[in-house]
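J.: What follows is the residue order along each chain.
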Amino acid sequence: MSFRPDHELHKRRFGRNLGLAVVLALFVALMFGLTVVKVSNVGPIEGYDHVMQPQLIPQEEGQ
Amino acid sequence: MTDVRAIAETAAPGGDAEFGDFVQLLKPRVMSLVVFTAAVGLLVAPVPVHPFVALTAILFIALGGGASGALNMWWDADIDAVMRRTARRPVPAGKVSGAEALGLGLALSGLSVIMLWLASNAVAAALLAFTIFFYAVVYTIWLKRSTPQNIVIGGAAGAFPPMIGWAVATGGVSLESMLMFALIFMWTPPHFWALALFMKDDYSKAGVPMLTVTHGRKATRAHILAYTILLAPVALVAGFTSIGGPLYLAVAVVLNGLFIAGAWRIWRRDEVMAEADGYAVEKRFFRFSLYYLFLHFGAFLAEAVLKSYGLGSW
Numbered sequence: 001m002s003f004r005p006d007h008e009l010h011k012r013r014f015g016r017n018l019g020l021a022v023v024l025a026l027f028v029a030l031m032f033g034l035t036v037v038k039v040s041n042v043g044p045i046e047g048y049d050h051v052m053q054p055q056l057i058p059q060e061e062g063q
Numbered sequence: 064m065t066d067v068r069a070i071a072e073t074a075a076p077g078g079d080a081e082f083g084d085f086v087q088l089l090k091p092r093v094m095s096l097v098v099f100t101a102a103v104g105l106l107v108a109p110v111p112v113h114p115f116v117a118l119t120a121i122l123f124i125a126l127g128g129g130a131s132g133a134l135n136m137w138w139d140a141d142i143d144a145v146m147r148r149t150a151r152r153p154v155p156a157g158k159v160s161g162a163e164a165l166g167l168g169l170a171l172s173g174l175s176v177i178m179l180w181l182a183s184n185a186v187a188a189a190l191l192a193f194t195i196f197f198y199a200v201v202y203t204i205w206l207k208r209s210t211p212q213n214i215v216i217g218g219a220a221g222a223f224p225p226m227i228g229w230a231v232a233t234g235g236v237s238l239e240s241m242l243m244f245a246l247i248f249m250w251t252p253p254h255f256w257a258l259a260l261f262m263k264d265d266y267s268k269a270g271v272p273m274l275t276v277t278h279g280r281k282a283t284r285a286h287i288l289a290y291t292i293l294l295a296p297v298a299l300v301a302g303f304t305s306i307g308g309p310l311y312l313a314v315a316v317v318l319n320g321l322f323i324a325g326a327w328r329i330w331r332r333d334e335v336m337a338e339a340d341g342y343a344v345e346k347r348f349f350r351f352s353l354y355y356l357f358l359h360f361g362a363f364l365a366e367a368v369l370k371s372y373g374l375g376s377w
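Residue numbers (the numbering used here), protein chains in the order written: chain A, 1 to 63; chain B, 64 to 377.
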């Protein structure tokens, strides 16, 4: 088995793949950050589901 | 033919572009203007936005602008190839295929609108979707090749970003955001017509019905002056709203005075005079137009900063 030297095509593809990898990693980081910000700024919700939690609704006076 | 070199030799143009070629498809220079004006629209709005949400929103507004740029390059590849200014763009240069440009443009359009919706609100996302549609379909596909008013109406696409930024913060549209829109909308025609005056062969070779080609250069000079005069009140009125203030107004008075003086000089010249000095006045006006827009939005931002310290504003 012999290894041929990289063709110029390989270099271009490597650059493209690397660029895409960086973009995807940034996108994942952005999504994570956005999720953290949204969840911590949305008010009284509980983290384990998206179901309405009646116990979190403030009780009106007289009830 | 399994050898990669054989594949490389027989591959269709655009098969193996570099990453940078795809970045070029998004028109990074236009994106930088979109980022700046959208950021100003967002920051001068009366509703504070979490910095991370603001950053994400501006990023996706810019990405939406870039997506419309890719769609523009897909559709306009034939005329881009003819014009000296655009011949080295990735599609006419054969680095990226038209199908790749179309695919990237559509994918990023969808992604940017959905992500802006998730990051902010439906109004901002709808405005971004409309901006992409307006630039790619109304301007690029319809108006650009059919009317000399292409720049006037198509300029609306470039005017939306501050309005989208404002909508990210407030969830709506207001007089202030419409004035920021109007400022860019009215600024675009004199900016591009000045360019068309000294890039004269490009547009006529490509058959794009620019005003210089259809109505002549004298009429174009008159149009530049007319739009520059109409732009001034828009810029000045913005100074009396909640995003303006004494500093902005002073900047606007000086810049509009200089801009009108430049347009006046262009109007008084003819082609013989322009050819004699290599279109020096037109080129200077074009360069100044870039500073004009940057400094107006910079002044809006400065007013917002001053306001946060209890200074400035009315």
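No lab work stands behind these hints: they were computed from the structure. Just so you know, not all the hints are guaranteed correct.
Unchecked claim - Label pairs and their computed distance ranges (CB to CB):
(1) B:W327 / A:M31: 26 to 36 Å
(2) A:L20 / B:F193: 23 to 33 Å
(3) B:F196 / A:L20: 22 to 32 Å
(4) B:G157 / A:A21: 42 to 52 Å
(5) B:A343 / A:L18: 39 to 49 Å
(6) B:R151 / A:L24: 20 to 30 Å
(7) A:P58 / B:L369: 32 to 42 Å
(8) B:A289 / A:A21: 47 to 57 Å
(9) B:P309 / A:S40: 32 to 42 Å
(10) A:Q59 / B:G234: 22 to 32 Å
Because the structure is a prediction, the values reported are computed rather than measured. In this text, a Cβ means the ideal position worked out from N, Cα and C, and glycines have one as well.
J.: Hint by hint, note whether the structure agrees.
T.: Going through the hints against the structure:
1. One distance hint, 26 to 36 Å for the beta-carbon pair W327 of chain B and M31 of chain A, is violated here, with the actual separation near 52 Å.
2. Roughly 29 Å separates the CB atoms of L20 of chain A and F193 of chain B, a value that falls within the hinted 23 to 33 Å.
3. Range check, F196 of chain B to L20 of chain A: about 27 Å between beta-carbon atoms, so the 22 to 32 Å window is met.
4. Under the hint 42 to 52 Å, the C-beta atoms of G157 of chain B and A21 of chain A, about 26 Å apart, miss the expected range.
5. A343 of chain B and L18 of chain A have their C-beta atoms about 45 Å apart, which keeps the hinted 39 to 49 Å range intact.
6. Distance hint for R151 of chain B and L24 of chain A: a CB-CB separation of about 28 Å, consistent with the stated range 20 to 30 Å.
7. A C-beta distance of roughly 39 Å is found between P58 of chain A and L369 of chain B, which places it inside the suggested range of 32 to 42 Å.
8. Checked against the given bound of 47 to 57 Å, the beta carbons of A289 of chain B and A21 of chain A, roughly 51 Å apart, stay inside it.
9. Checked against the given bound of 32 to 42 Å, the beta carbons of P309 of chain B and S40 of chain A, roughly 39 Å apart, stay inside it.
10. A hinted range of 22 to 32 Å for the beta carbons of Q59 of chain A and G234 of chain B is consistent with their spacing of about 30 Å.
In terms of the numbered hints stated before, the structure departs from hints 1 and 4, listed from lowest to highest.
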